[in-house]
Amino acid sequence: MNYSFDPRTIIPIGAYGTYYPTTRITDNWGILTVEKGGLISADWGKISLSIPISIDKNLIKGDGWMLELHDQYTVEADEQKRNYYLKKNVQK
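Numbering follows the numbering used here, with no gaps: position 70 of the sequence shown is 72.
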């Protein structure tokens, strides 16, 4: 995983993680660009963003963020928990 951000602007929030006003994260799953803030968990296992405004195959957009997924990945909604998760598609 690679990420870029301005270290002068981050806000630690204890056990919840750190708030990043802007960041760009790249990994095997694709590229996440955040321009209006996101909370990254302390263990870097998840990022909390506003709900998606549009999901169009590999391009997911929210208010102030955009996720460009590689072909092997999709986003799945968990309506019960009101969350979205990345899922790696299994090649058959």
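Just so you know, the hints here were simulated from the structure itself, not pulled from any lab data.
Quantities reported herein were computed from a predicted structural model and do not represent experimental measurements.
Misleading hints may appear alongside valid ones.
What follows is a set of in silico ranges between Cβ atoms, one per label pair, in the way DEER data are often shown [as the list claims (entries may be wrong)]:
1. Ile-15 / Glu-37: 26 to 36 Å
2. Ser-43 / Thr-76: 27 to 37 Å
3. Pro-14 / Asn-91: 28 to 38 Å
4. Asp-29 / Pro-9: 15 to 25 Å
5. Pro-9 / Gln-93: 22 to 32 Å
6. Gly-16 / Leu-61: 25 to 35 Å
7. Gly-16 / Gln-93: 38 to 48 Å
8. Tyr-87 / Thr-28: 10 to 20 Å
9. Gln-93 / Ile-13: 33 to 43 Å
10. Arg-84 / Tyr-21: 37 to 47 Å
11. Asp-80 / Arg-10: 33 to 43 Å
Calculated cross-link-like contacts (lysine to aspartate or glutamate; reagent style EDC-like; alpha-carbon spacing at most 20 Å) [claimed, not checked]:
12. Lys-59 / Asp-80
13. Lys-63 / Glu-78
14. Lys-38 / Glu-81
15. Lys-89 / Asp-45
16. Lys-83 / Glu-37
17. Lys-59 / Glu-70
18. Lys-90 / Glu-70
19. Lys-48 / Glu-70
20. Lys-63 / Asp-80
21. Lys-90 / Glu-78
22. Lys-83 / Glu-70
23. Lys-59 / Asp-45
24. Lys-38 / Asp-80
25. Lys-38 / Asp-73
26. Lys-90 / Asp-29
27. Lys-89 / Glu-70
28. Lys-63 / Glu-81
29. Lys-48 / Asp-65
30. Lys-63 / Asp-73
31. Lys-83 / Asp-73
32. Lys-48 / Glu-78
33. Lys-90 / Asp-65
34. Lys-63 / Asp-45
35. Lys-89 / Asp-73
36. Lys-38 / Asp-8
37. Lys-48 / Glu-37
38. Lys-59 / Glu-78
39. Lys-59 / Asp-8
40. Lys-90 / Asp-58
Backbone N, C-alpha and C fix where the C-beta goes; we use that ideal spot for every residue, glycine too.
These are the hints, each one checked on the structure:
no.	hint	in the structure
1	Ile-15 / Glu-37: 26 to 36 Å	19 Å, violated
2	Ser-43 / Thr-76: 27 to 37 Å	21 Å, violated
3	Pro-14 / Asn-91: 28 to 38 Å	35 Å, holds
4	Asp-29 / Pro-9: 15 to 25 Å	20 Å, holds
5	Pro-9 / Gln-93: 22 to 32 Å	38 Å, violated
6	Gly-16 / Leu-61: 25 to 35 Å	33 Å, holds
7	Gly-16 / Gln-93: 38 to 48 Å	40 Å, holds
8	Tyr-87 / Thr-28: 10 to 20 Å	19 Å, holds
9	Gln-93 / Ile-13: 33 to 43 Å	40 Å, holds
10	Arg-84 / Tyr-21: 37 to 47 Å	20 Å, violated
11	Asp-80 / Arg-10: 33 to 43 Å	35 Å, holds
12	Lys-59 / Asp-80	17 Å, holds
13	Lys-63 / Glu-78	14 Å, holds
14	Lys-38 / Glu-81	24 Å, violated
15	Lys-89 / Asp-45	19 Å, holds
16	Lys-83 / Glu-37	25 Å, violated
17	Lys-59 / Glu-70	9 Å, holds
18	Lys-90 / Glu-70	14 Å, holds
19	Lys-48 / Glu-70	16 Å, holds
20	Lys-63 / Asp-80	17 Å, holds
21	Lys-90 / Glu-78	10 Å, holds
22	Lys-83 / Glu-70	23 Å, violated
23	Lys-59 / Asp-45	28 Å, violated
24	Lys-38 / Asp-80	23 Å, violated
25	Lys-38 / Asp-73	26 Å, violated
26	Lys-90 / Asp-29	13 Å, holds
27	Lys-89 / Glu-70	14 Å, holds
28	Lys-63 / Glu-81	18 Å, holds
29	Lys-48 / Asp-65	18 Å, holds
30	Lys-63 / Asp-73	16 Å, holds
31	Lys-83 / Asp-73	26 Å, violated
32	Lys-48 / Glu-78	14 Å, holds
33	Lys-90 / Asp-65	24 Å, violated
34	Lys-63 / Asp-45	24 Å, violated
35	Lys-89 / Asp-73	11 Å, holds
36	Lys-38 / Asp-8	13 Å, holds
37	Lys-48 / Glu-37	17 Å, holds
38	Lys-59 / Glu-78	11 Å, holds
39	Lys-59 / Asp-8	30 Å, violated
40	Lys-90 / Asp-58	17 Å, holds
The structure does not agree with the numbered hints 1, 2, 5, 10, 14, 16, 22, 23, 24, 25, 31, 33, 34, 39 stated previously, though it agrees with the rest.
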